[in-house]
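Visitor: Each chain, written out:
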Amino acid sequence: VQADRQVTLEIGGNRLRVTTTDANSADILRTALAPHVVDGDALLGFKITGPESGGVNSDCAPDRADQTGLYVLIDCTGAVLARSRDRDAVLATLVSHIAALTVSHPQPPVSRLRLRALIASDHAVLAATPLFTRPPAIERRLVKLGYRMADVPFVDVDSESLMLQSFDVEWPSLPRLNDGLGHVRFSDLNRRVSHLFWPASHGVARASRALVCQTLASASVGVDRELRLSQAVRLADGISTVPVSPGDGAAAYEALLGCGG
Amino acid sequence: MSTEPLPALVADTPTLRRGTIVRRLDDEAVVWSNIRREPARLDPVATVMLDVIDGLATTSELVDDIQAVLNIGHFEARARLKEVLRLFDDAGLLASSEPAETSLVERPLLPEPDW
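Order-wise, the sequence lines are chains F and R.
Be aware that the first sequence starts at 23, since it is given in this note's numbering, and climbs by one per residue.
Be aware that the second sequence starts at 225, since it is given in this note's numbering, and climbs by one per residue.
Since no wrong hints were added, every one of them can be taken at face value.
Here's a subset of chain R near chain F, in silico, CB distances under 7 Å, partners left out:
(1) Leu249
(2) Glu252
(3) Trp256
(4) Pro263
If you're looking for bench data, these hints aren't it; they were derived computationally from the structure.
Glycine included, each C-beta is placed from N, C-alpha and C at the ideal position.
Isolated chain F (complex conformation) (with noise of 0.2 Å):
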């Protein structure tokens, strides 16, 4: 990757880099993220492929989004977190995650979660991985449904009122980047989550109450373990679980038909 299409920062101690496809992009986010650019290389953390790049080996596909002409953005792991022709709207994306990892550690009772969340109106769902991330989510389906994609790598949620926290980020320099389809970022997330769908497997069709409280402090960030496991017993006792089958594609989709308000 050419020096001018990459960005290495510093976020809370640990460095990582973002390549993007053009070095304009690449400009764009040293704008975006100025207080937190670094000189020097490190891990990826992100990458934005796109129409001219080559893409990554992962088993997300990237490689096709690219011949359909698409803008990907992929974490670490080789999660696809946005596909969209408009590159600035995953360059959005990519803000608002980077914008969260600057937010410090919440206070109890409010837990940190690696979950995937989707945002209603009125209401918001948790998903456990793989659901939502393996195979990645389609941003028109979910709107379609009245759902979009929390943008960030993480949620914070209130154990007692199950309330999804907006992060308060200042971002004087961030961007006038839209958001893009499906896709809601660090700032909008304020609602009460209704339910969890958790990754069934082996034709098990309910969640124990063990079973939820056990992903959801796996979920969990912390070094307190003792903390981390009472929040996910209040959480598992408040939100309700959906069992969803990760090797069905449709089967999370249906599933969200049930959970509005």
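Dock chain R against chain F, hints included.
Guide: Just chain R now, with coordinates in the frame of chain F:
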């Protein structure tokens, strides 16, 4: 009666490791060992065994207990015990369990690259 020994990971008198957090939920449990990065879920049988494995009973006595409580044959009881002890070992619950390499490290902001 089989003379095949239980797996090597099983001490003659299995003992639970201290420092494990246990949450009982209905008839199951979520346990989090201080040598594991993530918690584990125990099914109802394994949850009962949390109380039965007291550091005093030998594996032979535990097999007898399972046989009596579940009203099953000796071989099935041995298999159940073997299964539970393996589950406990994977979850880092036994005094003899090996620490996972990353158990004490906080997860990074971003996952490690795998491509």
